[in-house]
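Asks: All chains, please: the whole structure from these sequences, using the hints.
What follows is the residue order along each chain.
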Amino acid sequence: DSGVTQTPKHLITATGQRVTLRCSPRSGDLSVYWYQQSLDQGLQFLIQYYNGEERAKGNILERFSAQQFPDLHSELNLSSLELGDSALYFCASSVGHPYTGELFFGEGSRLTVL
Amino acid sequence: SQQGEEDPQALSIQEGENATMNCSYKTSINNLQWYRQNSGRGLVHLILIRSNEREKHSGRLRVTLDTSKKSSSLLITASRAADTASYFCATVLNTGNQFYFGTGTSLTVIP
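Chains as they are written, first to last, in our numbering: chain U, 1 to 114; chain C, 1001 to 1111.
Accuracy of the hints is not assured; some may be wrong.
Unchecked claim - Each computed DSSO-like pair below joins lysine-lysine, with the alpha-carbon atoms no more than 27 Å apart:
| # | chain 1 | residue 1 | chain 2 | residue 2 |
| --- | --- | --- | --- | --- |
| 1 | U | K9 | C | K1069 |
| 2 | C | K1056 | U | K57 |
| 3 | U | K57 | U | K9 |
| 4 | C | K1026 | C | K1069 |
| 5 | C | K1056 | C | K1070 |
By construction, these hints were calculated from the structure, which means they are not laboratory data.
Replies: Now the structure itself:
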């Protein structure tokens, strides 16, 4: 158990809808990272927050947004969903910033868009 | 893209054999890390090698890093069926915070 909690584990929705994925980092970790894992594209870095502030941005679509709250949990909002958004979405956490050590991953949220 | 690329994409070996997978990357790095992912699960950190290190061992794992060739290899010795998983390399830039993962090597160890 990494200590990183993601909910929901599975989510099925229709095109055009909006969903929110939630992540609670390990106790004491201030950074949260979001990744998307599609079947044939490996892990794509989306965005990173540290102590409530956005610190790094990757290949995140404009339809997607994220935030980190004062209690350090983070939410990834996906809107106007398309079939291609079906993927595993992972959250990872780390203690500091800048940070170069190991990441601790949650078990992921599997999103299926029909 | 700054992502690493693993090679081969898939590897199937008999239990007891060694498994070698490679990772190539494009930019200067602070360190390179290897992670393991069991099917549909989260990634688990295996080992980290810094840019000034050439080789590192952890149990049955041996990692090498050649910064001149921008490549790394992960060797799993005396493989077990339980080693069946996908293995990813992640490159970490000197600025920190950004971890770039490759597409992974899917390892199957046949009992």
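Asks: Run every hint past the structure and note whether it holds.
Replies: Here is how each hint holds up against the structure:
1. For a cut-off of 27 Å, the pair hint linking K9(U) to K1069(C) is broken: about 40 Å separates their Cα positions.
2. Of the pairs offered as hints, the one joining K1056(C) and K57(U) is violated, with about 31 Å between alpha carbons and a cut-off of 27 Å exceeded.
3. At roughly 24 Å between alpha-carbon atoms, K57(U) and K9(U) fall within 27 Å of each other, so this suggested pair holds.
4. Restraint check for K1026(C) and K1069(C): the C-alpha separation of about 9 Å stays at or below 27 Å, so the hint holds.
5. Between K1056(C) and K1070(C) the CA atoms are separated by roughly 16 Å; this keeps the pair inside 27 Å, and the hint holds.
Of the numbered hints stated above, those contradicted by the structure are hints 1 and 2, listed in ascending order.
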